[in-house]
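J.: Chains as they are written, first to last, in full-length UniProt numbering: chain A, 1 to 431; chain B, 1 to 431.
Don't take each hint at face value.
Any copy will do: because identical chains look the same in the list, a pair fits if it lies in one copy or spans two.
Stated by the list, open to error - In silico SDA-like cross-links for lysine to any residue, where the CA-CA straight-line distance does not exceed 25 Å:
1. K317 - V137
2. K205 - D138
3. K317 - P152
4. K421 - A293
5. K196 - G323
6. K322 - G336
7. K229 - S286
8. K339 - G423
9. K337 - P359
10. K229 - A164
11. K322 - V197
12. K339 - L361
13. K337 - A173
14. K421 - M231
15. K196 - R355
16. K337 - D362
17. K296 - E102
18. K229 - E76
19. K339 - T358
20. K337 - L361
21. K229 - N406
22. K322 - Q201
23. K317 - I148
24. K296 - D138
25. K229 - T358
26. K317 - W302
It is worth saying that the hints were derived from the structure and are not from the lab.
2 protein chains.
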Amino acid sequence: MQRPSAPSSSGRRRFLKAGAGMAAGAAAGAVMGRTGAAAAAAEADPTTLPPNVPWWGQYLGDGVAAHPYGMPSEFEAHVVRRNVPWLTATTESSVNFTPIHELHGFVTPNGLCFERHHAGAPSLNPADFRFMINGLVDTPKIFTLEDILRFPPVSRFHFLECAANSGMEWRGAQLNGVQYTHGMIHCVQYTGVPLKVVLDQVGVKPNGTWLMAEGGDASGMNRSIPLEKAMDDAILAYAMNGEMLRPENGYPLRLVLPGWEGNMWVKWIRRIEVGDQPWFAREETSKYTDLLANGKARYFTWEMDAKSVITGPCPEKPVLRKGVNQIKGLAWSGRGKIKEVHVSTDGGRNWMQARLATPVLDKCLTCFNAEFDWDGGEVLLQSRAVDETGYVQPTMQALQEVRGVNSIYHNNSIQTWLVNKSGEVENVRLG
Amino acid sequence: MQRPSAPSSSGRRRFLKAGAGMAAGAAAGAVMGRTGAAAAAAEADPTTLPPNVPWWGQYLGDGVAAHPYGMPSEFEAHVVRRNVPWLTATTESSVNFTPIHELHGFVTPNGLCFERHHAGAPSLNPADFRFMINGLVDTPKIFTLEDILRFPPVSRFHFLECAANSGMEWRGAQLNGVQYTHGMIHCVQYTGVPLKVVLDQVGVKPNGTWLMAEGGDASGMNRSIPLEKAMDDAILAYAMNGEMLRPENGYPLRLVLPGWEGNMWVKWIRRIEVGDQPWFAREETSKYTDLLANGKARYFTWEMDAKSVITGPCPEKPVLRKGVNQIKGLAWSGRGKIKEVHVSTDGGRNWMQARLATPVLDKCLTCFNAEFDWDGGEVLLQSRAVDETGYVQPTMQALQEVRGVNSIYHNNSIQTWLVNKSGEVENVRLG
Numbered sequence: 001m002q003r004p005s006a007p008s009s010s011g012r013r014r015f016l017k018a019g020a021g022m023a024a025g026a027a028a029g030a031v032m033g034r035t036g037a038a039a040a041a042a043e044a045d046p047t048t049l050p051p052n053v054p055w056w057g058q059y060l061g062d063g064v065a066a067h068p069y070g071m072p073s074e075f076e077a078h079v080v081r082r083n084v085p086w087l088t089a090t091t092e093s094s095v096n097f098t099p100i101h102e103l104h105g106f107v108t109p110n111g112l113c114f115e116r117h118h119a120g121a122p123s124l125n126p127a128d129f130r131f132m133i134n135g136l137v138d139t140p141k142i143f144t145l146e147d148i149l150r151f152p153p154v155s156r157f158h159f160l161e162c163a164a165n166s167g168m169e170w171r172g173a174q175l176n177g178v179q180y181t182h183g184m185i186h187c188v189q190y191t192g193v194p195l196k197v198v199l200d201q202v203g204v205k206p207n208g209t210w211l212m213a214e215g216g217d218a219s220g221m222n223r224s225i226p227l228e229k230a231m232d233d234a235i236l237a238y239a240m241n242g243e244m245l246r247p248e249n250g251y252p253l254r255l256v257l258p259g260w261e262g263n264m265w266v267k268w269i270r271r272i273e274v275g276d277q278p279w280f281a282r283e284e285t286s287k288y289t290d291l292l293a294n295g296k297a298r299y300f301t302w303e304m305d306a307k308s309v310i311t312g313p314c315p316e317k318p319v320l321r322k323g324v325n326q327i328k329g330l331a332w333s334g335r336g337k338i339k340e341v342h343v344s345t346d347g348g349r350n351w352m353q354a355r356l357a358t359p360v361l362d363k364c365l366t367c368f369n370a371e372f373d374w375d376g377g378e379v380l381l382q383s384r385a386v387d388e389t390g391y392v393q394p395t396m397q398a399l400q401e402v403r404g405v406n407s408i409y410h411n412n413s414i415q416t417w418l419v420n421k422s423g424e425v426e427n428v429r430l431g
Numbered sequence: 001m002q003r004p005s006a007p008s009s010s011g012r013r014r015f016l017k018a019g020a021g022m023a024a025g026a027a028a029g030a031v032m033g034r035t036g037a038a039a040a041a042a043e044a045d046p047t048t049l050p051p052n053v054p055w056w057g058q059y060l061g062d063g064v065a066a067h068p069y070g071m072p073s074e075f076e077a078h079v080v081r082r083n084v085p086w087l088t089a090t091t092e093s094s095v096n097f098t099p100i101h102e103l104h105g106f107v108t109p110n111g112l113c114f115e116r117h118h119a120g121a122p123s124l125n126p127a128d129f130r131f132m133i134n135g136l137v138d139t140p141k142i143f144t145l146e147d148i149l150r151f152p153p154v155s156r157f158h159f160l161e162c163a164a165n166s167g168m169e170w171r172g173a174q175l176n177g178v179q180y181t182h183g184m185i186h187c188v189q190y191t192g193v194p195l196k197v198v199l200d201q202v203g204v205k206p207n208g209t210w211l212m213a214e215g216g217d218a219s220g221m222n223r224s225i226p227l228e229k230a231m232d233d234a235i236l237a238y239a240m241n242g243e244m245l246r247p248e249n250g251y252p253l254r255l256v257l258p259g260w261e262g263n264m265w266v267k268w269i270r271r272i273e274v275g276d277q278p279w280f281a282r283e284e285t286s287k288y289t290d291l292l293a294n295g296k297a298r299y300f301t302w303e304m305d306a307k308s309v310i311t312g313p314c315p316e317k318p319v320l321r322k323g324v325n326q327i328k329g330l331a332w333s334g335r336g337k338i339k340e341v342h343v344s345t346d347g348g349r350n351w352m353q354a355r356l357a358t359p360v361l362d363k364c365l366t367c368f369n370a371e372f373d374w375d376g377g378e379v380l381l382q383s384r385a386v387d388e389t390g391y392v393q394p395t396m397q398a399l400q401e402v403r404g405v406n407s408i409y410h411n412n413s414i415q416t417w418l419v420n421k422s423g424e425v426e427n428v429r430l431g
């Protein structure tokens with residue numbers, strides 16, 4: 001229902017005002033929509049509660065045959081992935097952002113997992129599917145999906161973040177809404193077979209040090225992957241959150257490279273070639289590299305550094321009342337577990353420790369929360385993640401001192417939300 | 001696509017034959033359906049692989065705007081919840097079983113979570129929703145959903161099992177299919193507020209020792225819950241697997257009582273009354289009690305004992321070839337973590353230890369797997385869970401020595417699958 005405005009400050013303000021008005025309208029509707037008895041009960045002095053009888057209606061609803069595969073409530077129809085029409089030329093080469101401000105816990109439901117395609121999401125018939133490993137191996141092999149399913153499975157919760165997540169924000173506060181600034185991420189329980197197990201089946205030759213992973217979509221997606229990562233924690237995954245992959249997430253098989261940029265998690269994977277050097281493919285040279293101030297580009301910047309963001313309050317979730325409010329957010333690191341998250345209400349001058357929800361898992365989203373007491377004045381909300389390596393999420397200023405101002409990818413800087421005196425929340429840039 | 005047969009052995013056999021035929025047909029289709037080049041590649045000697053070029057088609061698929069809320073692949077349309085029409089009088093008072101043989105990992109996707117209603121699944125407007133706590137409390141209160149959402153959240157993975165899961169099996173091998181024998185279970189990440197936090201807001205009086213939890217559906221579901229459990233690990237949950245509860249799972253608020261029978265996890269919860277004794281409600285007296293041989297009934301048998309089942313091979317997943325095959329399954333305990341799972345291929349004479357997938361969480365499904373080498377002869381597959389208290393999943397014989405033969409609920413006995421010489425799998429009863 002909300003679309004990002006063009007990156008002008010007046011446009012952002014209109015969007016915010018509209019959002020706040022809708023929230024107020026919804027609250028009024030809640031009161032007016034109630035039937036007489038229920039309304040009286042809700043407004044009543046708690047010491048004079050209605051008698052111990054049904055006090056809002058009991059309904060005979062749907063039977064069990066109504067929904068062989070269930071869907072969310074009609075009242076949650078606003079919780080959907082959204083794209084930004086002006087961001088890309090076509091929807092086949094575009095991104096659909098996860099509504100992270102509407103999530104609870106660290107699991108992303110499959111229907112809301114962010115998707116990024118370079119040439120659309122093909123619908124593959126698993127009966128036709130084949131996966132090949134060739135190149136510097138003892139025995140090149142072709143596997144059916146059934147072959148892959150016969151290996152002992154592993155299941156792990158991992159986040160997948162696009163290297164371009166928050167990419168627009170290098171050039172100031174561009175997008176108003178955490179769905180757009182930070183929604184190129186999802187986190188599910190992936191199930192599949194360790195890539196090492198499959199590679200051991202074909203036997204990598206001693207001079208095989210690099211893999212090329214190739215997708216089955218029309219973009220000819222391919223990426224170079226060092227053998228160490230493949231042998232460490234890479235997974236050939238066929239399932240997410242208990243069921244087979246969704247088409248837009250690579251059905252029936254994708255690569256999972258925990259902690260590394262999403263573009264390398266090749267979807268609809270159909271081939272791995274083993275070689276003795278990287279391929280320098282299009283998507284690791286002309287794209288997914290970081291142009292520095294001196295005109296040279298960093299490449300093979302695979303790991304996603306520690307990052308966090310407050311998902312409430314945020315532009316989509318204004319502060320609705322004075323007094324104690326909850327701060328909720330997500331933190332993650334491609335280098336391991338989250339150790340601490342700090343939050344600030346004064347733009348980073350003072351920090352307090354947030355609570356972390358358990359379990360805190362390796363290369364997985366971690367939920368945090370904290371309280372803040374709102375007196376109606378302006379507040380600058382920030383969060384800062386620290387991972388188990390001791391790495392501390394940096395400011396944009398610190399990042400740009402190293403990388404200059406040409407970057408698109410790997411913006412893991414601290415996000416600032418301005419809560420204004422109306423309780424509306426704006427994406428702002430400090431310093 | 002498969003429906004359970006009536007409980008006659010000839011019916012079961014017909015069902016199995018049909019199942020095996022379909023599996024074989026699908027495999028044949030896989031070969032015949034391929035295009036020439038791909039078929040040649042798949043049949044080729046691995047040493048003469050096709051050249052390093054695209055070898056199955058690359059497709060331009062859907063753009064990102066096509067599915068704001070995503071759905072499974074069209075090729076997974078058979079993975080759905082199923083009901084058993086002859087089991088109940090109406091679909092509003094019935095059960096939809098989770099296809100646990102199609103799951104991967106321990107998360108159940110929300111669309112496949114088993115549902116059991118006593119009077120349908122109402123569609124509630126969250127703006128109208130109110131939750132009351134009254135009775136022996138200092139300050140009775142009515143909460144809106146927004147009030148509940150303002151408390152600091154907790155998220156935990158827990159299984160929910162109906163006390164009647166496997167209930168038909170007390171009287172012999174009745175249902176052929178693990179979806180029906182063991183599918184009244186699901187496991188998701190629940191998010192909400194600890195019930196203790198909300199009770200502390202209203203102040204339970206010193207003589208308040210029992211709660212009555214009341215649902216907002218047309219069945220007037222209510223159950224008595226001891227205060228200790230409420231103050232221990234109970235959750236008022238509003239979300240599952242990252243998104244708001246599904247209507248059939250209690251949207252917008254349900255009780256979560258980790259490890260306890262599902263009937264007590266009151267859905268669409270609208271009221272908790274605090275009292276000084278249990279209510280002896282209909283669903284804890286005439287139902288959800290265990291009739292013993294002497295005519296007396298056990299009641300308040302809340303905890304779900306340790307249990308496990310092999311989900312592949314199983315009647316829906318025959319053994320397709322000789323040689324090494326995977327055994328996959330699920331184990332759980334209402335008393336804590338799973339410590340070990342043993343599997344047997346000879347009906348329980350010899351046992352071997354299965355691998356457990358990590359993380360192993362408290363009162364959560366745990367996946368296990370092991371190999372077995374099939375020589376084409378008859379095999380009796382069993383699994384046996386041991387939880388962290390040392391409790392060992394019993395045989396049906398052991399259970400019936402204690403409880404007699406009148407039971408419906410709390411059958412956690414060892415399940416036996418007979419793999420016959422055709423590789424088909426039958427539900428059988430030993431001893």
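J.: At most 25 Å between alpha carbons: which applies to K229 and T358, within, between, both or neither?
T.: between (27 Å within a copy, 20 Å between copies)
J.: State whether the alpha carbon distance between K322 and V197 is at most 25 Å within one copy, between copies, both, or neither.
T.: Cα proximity of K322 and V197: across copies only (21 Å, versus 56 Å in one copy).
J.: Given identical chains, is K322 near Q201, meaning Cα to Cα at most 25 Å, within a copy, between copies, both, or neither?
T.: Result: close only across copies, 19 Å inter versus 62 Å intra.
J.: Go through the copies and call it for K421 and M231: within, between, both or neither, with a Cα cutoff of 25 Å.
T.: neither (53 Å within a copy, 39 Å between copies)
J.: Quick one: K229 to N406, C-alpha cut-off 25 Å, is that within a copy, between copies, both, or neither?
T.: neither (29 Å within a copy, 57 Å between copies)
J.: Given a CA cutoff of 25 Å, do K337 and D362 count as a within-copy pair, a between-copy pair, both, or neither?
T.: both (5 Å within a copy, 20 Å between copies)
J.: My question is about K317 and V137: at a cut-off of 25 Å on alpha-carbon distance, are they close within one copy, between copies, both, or neither?
T.: neither (53 Å within a copy, 33 Å between copies)
J.: Can you give me the call for K339 and G423, within, between, both or neither, at a CA distance of at most 25 Å?
T.: neither (31 Å within a copy, 50 Å between copies)
J.: Is it within a copy, between copies, both, or neither that the alpha carbon of K339 lies no farther than 25 Å from that of L361?
T.: Both ways: K339 and L361 sit 10 Å apart in one copy and 20 Å across, limit 25 Å.
J.: Could you place K317 and W302 in one of the four classes (within, between, both, neither) given a Cα distance threshold of 25 Å?
T.: neither (32 Å within a copy, 40 Å between copies)
J.: Up to 25 Å between alpha-carbons, please classify K196 paired with R355: within, between, both or neither.
T.: This pair counts as between: shortest inter-copy Cα distance 18 Å, intra-copy 36 Å.
J.: Using 25 Å as the alpha carbon limit, work out where K322 and G336 are close: within a copy, between copies, both or neither.
T.: Neither, since 37 Å and 41 Å both go past 25 Å.
Of the numbered hints listed earlier, those contradicted by the structure are 1, 4, 6, 8, 13, 14, 17, 18, 21, 24, 26.
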